[in-house]
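*Asks:* Spelled out, the chains give:
2 protein chains.
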Amino acid sequence: MAKSKKKNLPVILVTNDDSITAPGIRALVEAVKDLGRVVVVAPDKPQSGMGHAITIGHPLRLHKVHFIDGVEAYSCSGTPVDCVKIAVDKILHRKPDICLSGINHGANHSINVIYSGTMSAAIEAAIESVPSAGFSLLDLSVDADFTASKVYVKKIVEQMLKQKLHKHLTLNVNIPAVDETLIRGIKICKQAYAKYEEDFIERNDPHGKKYYWLTGEFVNFDKGKDTDVWALKNNYVSIVPVQFDLTNYTLKKQIENKWKF
Amino acid sequence: MAKSKKKNLPVILVTNDDSITAPGIRALVEAVKDLGRVVVVAPDKPQSGMGHAITIGHPLRLHKVHFIDGVEAYSCSGTPVDCVKIAVDKILHRKPDICLSGINHGANHSINVIYSGTMSAAIEAAIESVPSAGFSLLDLSVDADFTASKVYVKKIVEQMLKQKLHKHLTLNVNIPAVDETLIRGIKICKQAYAKYEEDFIERNDPHGKKYYWLTGEFVNFDKGKDTDVWALKNNYVSIVPVQFDLTNYTLKKQIENKWKF
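If you read the sequences in order, they're chains A and B.
Per the numbering used here, residue 1099 is the first one in the first sequence, and the count goes up by one each step.
Per the numbering used here, residue 1099 is the first one in the second sequence, and the count goes up by one each step.
Only chain A is shown next, with the shape it has when bound in the complex:
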């Protein structure tokens, strides 16, 4: 599409945490590039597990790069959250209409939302009053098949562009790693209470000093059928709307009533 024709189209900022070279972000852009003016600002190296980290101790670099013909793209030396901040301030010079993050190689359901750079970038957009969505495919492989993901990403983004969105909307979308024909639809869910049971692997370096690798086993404590983990297990695409107000209002009331200082 020629640039002039794109003037009235919505501006879609795209980022991720697996870096600008990951197949997942390419699949995301391919899925939505006809729905608006897509601008990509993504990390120049993998940033998985960076959560909501920002870079304050050193400066950032930004490079215009070739990505897909007709799509403006930049790599950034910072975290996914940095990418969103710098895109708005230094590249777009305005708020995009929506921000999309992903498609992540690997699950971001349940507690993963809190460690995920993909989801933190989407949440950052929502803090900036830009409605957003993060997309993840339950396949860690660099050779993951994004065919079904692209269909569902497009469906969801079309809906986002059609609805009047809450300015702080963030959707956490996870897609099961199965053939499109096996996907049973989309379920709006709550975040399952699940966590990783940590198990650091201890090794000795050649000088006899210990070092530790973080590993962990995923454990789902949540037996509900309204959770993202349940939906994915049953071959639904899960959508959890997430928020950045972390106040626990139930405990707030309890503490107000019971604690004495």
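Please note that a few of the clues may not be correct.
[What the hints assert, rightly or not] Some chain B residues near chain A, calculated using beta-carbon distances under 8 angstroms: (1) T1153; (2) I1154; (3) L1160; (4) K1188; (5) I1212; (6) I1225; (7) K1293; (8) F1298; (9) D1343; (10) E1354.
The set of hints was computed from the structure by calculation and includes no laboratory data.
For glycine and all other residues, C-beta sits at the position ideal for the given N, C-alpha and C.
Following the hints, position chain B against chain A.
*Replies:* The following block gives chain B in isolation, referenced to the frame of chain A:
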């Protein structure tokens, strides 16, 4: 106190994000060291703004260090969240009774909770079913005066040890940077809706290439008198109970009712 006498005392895990050498963590340990068996596991370098980042791409180091006489202490090469994970798995070999993080040099009220390594460490403990609190003094200086902070930290931790705590309890405690005599008490609050208006400072390196420093101005959009920002402005210590279920239940219902896929 001799080690044997501490056997039945609660185990208190202490961490922070300003690193094990920061005056703030020393003030925290001094405030609570008579309330239990304190074990310190904190980053070996400043980790401000690290949010909920974890280290997955390289291994961690752990060093036993001298901290305060009678207090077991370790520095860790990872993030604040890594410190909590490795402390439970490799140092304590059990869950501590409570986890305390801080005292942070600088505010963690309102949206700061999301970028804060201090608060992410506390939230990580809560995910592990260890009740926790993060403490922050509204003074960024390395020479900050923690006298009043120590009094309020002790008051709050005594209360935590007295009450039957929800296993996922996390308190975000902020302390105004004023003399103890000026503090009007403790207020249980909600997280204010406030954010940073980003402004990246653009500079040229000696080779003529641009680089960018993240800066931003804090803007409070929340005019309520029930927020942490209001309480701190009015010289109260603010406590916001925070949660790690990010589901936005209000938007969940709206989307279920309105969106058609």
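*Asks:* Does I1225 (chain B) meet its interface restraint, that is, does its C-beta lie within less than 8 angstroms of any C-beta in chain A?
*Replies:* holds (5 angstroms)
*Asks:* Against chain A, with CB atoms and a cut of 8 angstroms, does the hint on K1188 (chain B) hold up?
*Replies:* holds (5 angstroms)
*Asks:* Measuring from the C-beta of K1293 (chain B) to each C-beta in chain A, is the shortest one below 8 angstroms?
*Replies:* Constraint on K1293 (chain B) satisfied, holds at 5 angstroms.
*Asks:* Can I1212 (chain B) be said to touch chain A, with a Cβ gap under 8 angstroms?
*Replies:* holds (5 angstroms)
*Asks:* Does the interface hint hold: is T1153 (chain B) within less than 8 angstroms of chain A, judged Cβ to Cβ?
*Replies:* holds (6 angstroms)
*Asks:* Less than 8 angstroms between beta-carbons is the criterion; does E1354 (chain B) satisfy it with respect to chain A?
*Replies:* holds (5 angstroms)
*Asks:* For the hint on L1160 (chain B), does the least C-beta distance to chain A fall short of 8 angstroms?
*Replies:* holds (7 angstroms)
*Asks:* Holds or violated: is there a CB of chain A closer than 8 angstroms to the CB of F1298 (chain B)?
*Replies:* holds (5 angstroms)
*Asks:* Using 8 angstroms as the Cβ threshold, decide whether I1154 (chain B) counts as touching chain A.
*Replies:* Hint holds; I1154 (chain B) Cβ to chain A Cβ min 5 angstroms, cut 8 angstroms.
*Asks:* Quick check on the hint: D1343 (chain B) CB to chain A CB, less than 8 angstroms?
*Replies:* holds (6 angstroms)
Consistency with the previously given hints is maintained throughout, with no hint failing.
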